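My request is simple: use the sequences and hints to build the entire structure.
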Amino acid sequence: MKKFLTPLILGTALALPAFGAASAADDTLTIGVATAQTGSLAPFDGPVIEGFKIAVDEINEAGGIDGKIKIETIDKDVRSDAAQTSIATQELVDAGVDVLVLPCDADPAFAAASISGAAQIPAFSTCASSPTLPVMGGDYMFANFPGDNVQATVSAKWAFDQGHRSAYLLYSPDTQYTTLPLYFGDVFEALGGKILGKATYKLDQQDFSAEVTKIKALDPQPDVIMTSAYEPNFPAFIKQLRAAGVRSQVIGSDGIDSPTTFSLGEAAEGVVFSTAGHPTAGSPLEKFNKLYEEKMGKKSETVFNAIGYDLVKVIAAAVKEAGTTDSVALRDAIANLENVQGATSLITYKGTMGMPVREVSLVRVKDGKRELVGQPSPDADLIPAPRMQ
Amino acid sequence: MTVLPWRFLAIAVLVPVLLVIAAAMVGANVGGGVERTLIVFFINLAAVAGMGLYCGNSGILSFGHLSFMGIAAYTSAILSLPVAMKNMTLPNLPPVLAAIHLDFVLALLVAIAFSMLVAYVAGLVIARLEGAAATIATLALLIIVHGVIIGARDITRGSQSFFGVPRETDIWVAAAVCAVALVIVRLFRDSVPGLKLRAAREDLIAAKANGIGVKHERMLAWVLSAGLVALAGVALGHFLGAFSPKKFYFHDTFALLAMLIVGGMTTMTGAVVGAVSITLVSEILRRLEGGIDLFGYQLPEVFGTTQIGIGLIILLVMFRRSDGLAGLDEWDERLLPWLFRRKMPEGDDAPKLAATKNEDTLVADTVTKRFAGLIAVDKVSLSLAPGEIVGLIGPNGSGKTTLLNLISGVLPATSGVVTKGDTVITDMPAHRIAGLGIARTFQNIRLFRTLSVRQNVLAAALNAWPKRSVAEAEAASAAALDWMGIADKAESKANTLSYGDQRRVEIARALALEPDFLFLDEPAAGMNREETDALMETLRKLRDTLGLGLLVVDHDLPLIVRLCDRVVVLNEGKLIAEGAPGDVQKNPDVITAYLGRKRQDDIAA
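Quick note, the sequences are listed as chains A and B, same order.
Residue 320 in our numbering sits at position 320 of the first sequence, and the numbers go up by one each step.
To convert, count from 1 in the second sequence and add 1000; that's our numbering.
Honestly, the hints are just simulated from the structure, not real lab data.
All of these numbers come straight from a predicted model, not from anything done at the bench.
Just so you know, even glycine gets a beta-carbon here, dropped at the ideal spot from N, CA and C.
Fair warning: there could be bad hints in the mix.
As the list claims (entries may be wrong) - Listed next, the stretches of chain B that the computed footprint assigns to chain A, with coverage defined by at least 3 CB atoms under 8 Å from CB atoms of chain A: (1) 1091-1098; (2) 1154-1162; (3) 1543-1552.
As the list claims (entries may be wrong) - Computed spacing ranges between beta-carbons, pair by pair: (4) B/1136 <-> A/231: 42 to 50 Å; (5) A/138 <-> B/1311: 34 to 42 Å; (6) A/62 <-> B/1254: 44 to 52 Å; (7) A/231 <-> B/1129: 36 to 44 Å; (8) A/138 <-> B/1095: 23 to 31 Å; (9) B/1286 <-> A/294: 31 to 39 Å; (10) A/165 <-> B/1254: 49 to 57 Å; (11) A/293 <-> B/1311: 37 to 45 Å; (12) B/1136 <-> A/293: 50 to 58 Å; (13) A/231 <-> B/1095: 35 to 43 Å; (14) A/294 <-> B/1152: 50 to 58 Å.
Written as structure tokens, this is what we have:
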């Protein structure tokens, strides 16, 4: 019997000190950060947390939020896994955090939402853009990115205005985000465009010859190919598509706002994608990029750095508004935020059900660099309703 | 129907249950991370014990059990998801499923029943396969179920995570799940089918020759273990609240198998030891992974430490203790051996083997066995009457053992017919022939090596026909051990006995079937002269008291000559002589073929 008891007691003793509850004193704001620092979401959560830390340091060096409330973080790596996110979230809730930060995809965020909701702790996904996230995630779930339906409205309108009249959609039903092209299709058709076909792929897929052959066989060729594929799917797809000689305009979304896209050379030239911001001269984003370079000793290569900075600004604004770090009060304050100045744009949660209103930028890859196509405000009537797909 | 006294099993089962309750109380009081680590531990342990029920008792490693975890988790999740939630997250759910909303317990029961049904269907294939083929089939099952879960997108959300599952699993639910699994696993091990399955694990051919059909036992263990793993799956699903098909695939299969292998897969104790040690090690390594400050040295962050660490532990354990840390015995068998001796009446009331009432003669009519081009047995006819001792001799390779295998059903005959009275037994499977009262031993001793002597004999005794109770089988076992003079070694492991004793156990095992006919393949091999004489005495007494018909194969010619009523001589697969020992000894063909010319004088002397 000793055989069983000893390890049990040992285990208990070992586990004890690791989970001491953090106190939620009113002069510190404790943020539980359960993000994907490894795995498929790391290319997004990694840069977000860099920007996040810059903002936290900036605020703390200035004496805290409103000069008095310091920010503390507890970090956990959830390895891009939904179940792991759920466990880490529970641990953070136990540790008594005031606000939660969850991974960049809707699925792990969903996994955590029931826990954070039950504990009445407001939670943000770092950069998930599925508009269903706050709808399904409940009152305590917030997003921090322009919604898929909004991005799709902006890019579809732009495509139509360019004179494009036919489109082909490549999407993956494996995650909510990768079904963004379906929103694009809705808007494009509503505008009078025609969808020539749809193809699906798997998240770990590297060989797109079947999909490319289908597109190549279309006669006439589609004016536009829309996809929200990202690494590692997008580089593989675009190379194989261009190698097959398909010359249609390719439109992507924020998932390809990464250094990889700009290093693809000829294949990615001319690709247009929607994202959360662009550093025009004198813009807050340009300012942030300077700050980033100063702090990190390298240039910011993706808008997701600024997104992390935005997130802290939003949380700080809510704390200031609520005048407390109480989680329930914070939730109400977040839901009523208006025109918070972030690094990318003004951010508003008031009247949005948790999906923020913020600027969408269209960017073109030109000579391996980003070129601003425009920052149009979407027509509210065109925006499709959020749906699970 | 268990094969150990109830008071022993009550202790064997109660102690782990109390430990689980104690641990749960600690967890519930401490709360937080400790509580959750314990919940995961309980669920893992239930799953590992469930896997062990099949893998351990059948000896067939399964990679497929996680699929039942997955099936159960999804089934229960879909059934217990609130209807409004379903309408939003699963818009294309078939209307029947969309309208159902069951409470947790009901959903759990349906999920387990459904998983066991799937297991039964899969088992129709898998339970028929042996060894590596069965293992690979379970791997295929895992891949197929994973694919189906991803493919059934309308019901499961495909590879996206399934979320919103009511979080019903608290520490008490997890502890209950774990306790139920441990109790069932422990009881199954010493149930009648459990004992038979373990016997078959040790030696399939011997098991069949002693009347164990295996197929039913294997199916039972497979379905039962699928049910336990499904129970763990439901608990896991309702603990996490969200999961994806990935959760029930290779990564977690590896983690659970690691526990099973490190602890030792044949026992409940092994499951507990494995789950405890792997959980401990991964909790420690998980903390090291983040890089820690050790005596002033900052260790770097190394992701993957946990996996590497567990891999190394498996290597180490396999190297030092290939049966796992807990070995082959349950803790209770190690610590409380005196408790499970069942008292048998002594003196005149001591159990006795019943004399056979058989009056049928066993007849092999022109049986032939061809192996590709070689004719091992060529149209040999042989008869064995009740109460008769027939010797079967011939040079090496003359087909003696093959002939024995043909008559006892271990090998199918190419042609020819074997009958016992009016019953044709030629195409019967070996275990049914054993049930008909034809028992045998093997030339190269085939005991159930890691089982005790008593269990070896009991495993056979349970298969006598007409069916008898466990108590009757135990009485027959005791009597058989007594006959062979090894009653005092009943609790020793078979593989720890001397060669001569092992032969005696094998004969006792065959006797416990209370057969009408007994085939002995070189029973005196490895025995000295005194032992051989004692054996001969025993065999003769067996015939005189019980009325058995004996067919004895041996090289020990004096033994054959003195023991047998009749001798049959084979050479190169053909019957070359038959008759009284004295006559056969003088037959010139026999002398030439079997003894060689030079030895004629020795025999005459």
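A quick look at each hint next to the structure:
Requiring three or more residues with a Cβ within less than 8 Å of a Cβ of chain A, the coverage given for the region 1091-1098 of chain B is violated, as only 1 such residues are present. Only residues whose C-beta sits within less than 8 Å of a C-beta in chain A count toward coverage, and the region 1154-1162 of chain B has 4 of them, enough to reach three; the restraint holds. For the region 1543-1552 of chain B, the stated coverage by chain A is not satisfied: 0 residues place a CB nearer than 8 Å to a CB of that chain, which falls below the threshold of 3. Hint check: residue 1136 of chain B to residue 231 of chain A, Cβ distance near 35 Å, so the stated range 42 to 50 Å is violated.
Between residue 138 of chain A and residue 1311 of chain B the CB atoms are about 41 Å apart, so this pair conforms to the stated range of 34 to 42 Å. Residue 62 of chain A and residue 1254 of chain B have their C-beta atoms about 49 Å apart, which keeps the hinted 44 to 52 Å range intact. Distance hint for residue 231 of chain A and residue 1129 of chain B: a CB-CB separation of about 42 Å, consistent with the stated range 36 to 44 Å. In this structure the supplied range 23 to 31 Å holds for residue 138 of chain A paired with residue 1095 of chain B, their Cβ-Cβ distance being about 26 Å.
Separation of residue 1286 of chain B from residue 294 of chain A is about 35 Å and conforms to the stated range, judged on CB atoms against 31 to 39 Å. Checked against the hint of 49 to 57 Å, the pair residue 165 of chain A and residue 1254 of chain B passes, with Cβ atoms roughly 52 Å apart. At roughly 42 Å, the beta-carbon separation of residue 293 of chain A and residue 1311 of chain B lies within the given 37 to 45 Å, and the hint holds. Checked against the hint of 50 to 58 Å, the pair residue 1136 of chain B and residue 293 of chain A passes, with Cβ atoms roughly 56 Å apart.
At about 39 Å, the beta-carbon gap between residue 231 of chain A and residue 1095 of chain B stays in the expected band of 35 to 43 Å. Between residue 294 of chain A and residue 1152 of chain B, the C-beta spacing of about 52 Å keeps the proposed range 50 to 58 Å intact.
In the structure shown, a violation is registered for the earlier hints numbered 1, 3, 4, in ascending order.
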